[in-house]
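S.K.: Chains as they are written, first to last, in numbering that gives the first Met the number 0: chain A, 0 to 137; chain B, 0 to 137.
Since the hints were made in silico from the structure, they are not lab data. You may find that some hints are simply not true.
For identical chains, the list gives no copy identity; a pair is met inside one copy or between any two copies.
[Claimed, not checked] Heads up, simulated DSBU-like pairs for lysine-lysine below, C-alpha to C-alpha not over 35 Å straight-line:
1) Lys39 / Lys129
2) Lys90 / Lys135
3) Lys34 / Lys56
4) Lys89 / Lys129
5) Lys90 / Lys129
6) Lys39 / Lys135
7) Lys72 / Lys31
Number of protein chains: 2
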Amino acid sequence: MKTRTIRQNQAAVRGVRLTGNFTMKQVLVIRKDLKMGIGKMIVQSCHASIEASEESKKRDPRSWGVWREEGAKKVAVKVQSLEELLDIEKKCRNYHLPVALIVDRGLTQIPPNTPTALGIGPAAEIDVDKVTGRLKLL
Amino acid sequence: MKTRTIRQNQAAVRGVRLTGNFTMKQVLVIRKDLKMGIGKMIVQSCHASIEASEESKKRDPRSWGVWREEGAKKVAVKVQSLEELLDIEKKCRNYHLPVALIVDRGLTQIPPNTPTALGIGPAAEIDVDKVTGRLKLL
Numbered sequence: 000m001k002t003r004t005i006r007q008n009q010a011a012v013r014g015v016r017l018t019g020n021f022t023m024k025q026v027l028v029i030r031k032d033l034k035m036g037i038g039k040m041i042v043q044s045c046h047a048s049i050e051a052s053e054e055s056k057k058r059d060p061r062s063w064g065v066w067r068e069e070g071a072k073k074v075a076v077k078v079q080s081l082e083e084l085l086d087i088e089k090k091c092r093n094y095h096l097p098v099a100l101i102v103d104r105g106l107t108q109i110p111p112n113t114p115t116a117l118g119i120g121p122a123a124e125i126d127v128d129k130v131t132g133r134l135k136l137l
Numbered sequence: 000m001k002t003r004t005i006r007q008n009q010a011a012v013r014g015v016r017l018t019g020n021f022t023m024k025q026v027l028v029i030r031k032d033l034k035m036g037i038g039k040m041i042v043q044s045c046h047a048s049i050e051a052s053e054e055s056k057k058r059d060p061r062s063w064g065v066w067r068e069e070g071a072k073k074v075a076v077k078v079q080s081l082e083e084l085l086d087i088e089k090k091c092r093n094y095h096l097p098v099a100l101i102v103d104r105g106l107t108q109i110p111p112n113t114p115t116a117l118g119i120g121p122a123a124e125i126d127v128d129k130v131t132g133r134l135k136l137l
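Excised from the complex, chain A in its bound form (with noise of 0.2 Å):
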């Protein structure tokens, strides 16, 4: 059954394997509306990785080792403006995924305090599909 998470079911686990399918991803939202360069964006994208993931480990440490034996998907998505960025979190909070809002000391190129990014899960692909699948990738 498609819905069941990892944790529910470990032949899934073992199908995984075989196939080389991916049933646990994480996403990283960036706002391409800030000015920032490449570097930028990567060392934020990277922030949110690391932090959602820890977050994530906390919550399930067995589902988190589920997704680096697959692999750790990871898929970057854009969003336009703060509004989304915020709109993104409290749907993901709605739904109880793991997340962290990256906020930015402003040391470089941006205003101190500025929110750049969001990291989601990992969590089960069908789950964070719910709050990221109509977002454009980068």
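Mind docking chain B on chain A? Use the hints.
M.R.: Using the frame of chain A, we list chain B on its own:
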């Protein structure tokens, strides 16, 4: 003494918190000679960030914790060839720095088994700089 690592000097940890200076950092090294789009570069960097972070935490959880308390400093730099990437990896191993080489499975944009990025640290900034100090910011 500036060359002391965090775990050898608890007082330095307190100093860091008060001053807001960084003593630890992680460096993401990205190949610019590959035809990767921004999203692909971000995902490769996040792979490097997570894998190097896990390696660093396994070796020295206390220093890893200091890094995160300081704000988890990350820097993105570029190289122009595979040879340069592998040379940096080798130097990291010679200096016993935690390092993760990311080899892409080539599902999108580039051929399978292409080394794309390196994650180095978190480790003491002064040690990381021995290897990455001359590399150009991305």
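S.K.: All the hints need checking, so say for each whether the structure fits it.
M.R.: Each hint tested on the structure:
1. Lys39 / Lys129: Both: 28 Å inside a copy, 23 Å across copies.
2. Lys90 / Lys135: within (17 Å within a copy, 38 Å between copies)
3. Lys34 / Lys56: So Lys34 and Lys56 pass the 35 Å test inside a copy (32 Å) and across (33 Å) alike.
4. Lys89 / Lys129: within (13 Å within a copy, 43 Å between copies)
5. Lys90 / Lys129: So Lys90 and Lys129 pass the 35 Å test inside one copy only (9 Å; across, 44 Å).
6. Lys39 / Lys135: both (20 Å within a copy, 14 Å between copies)
7. Lys72 / Lys31: both (22 Å within a copy, 22 Å between copies)
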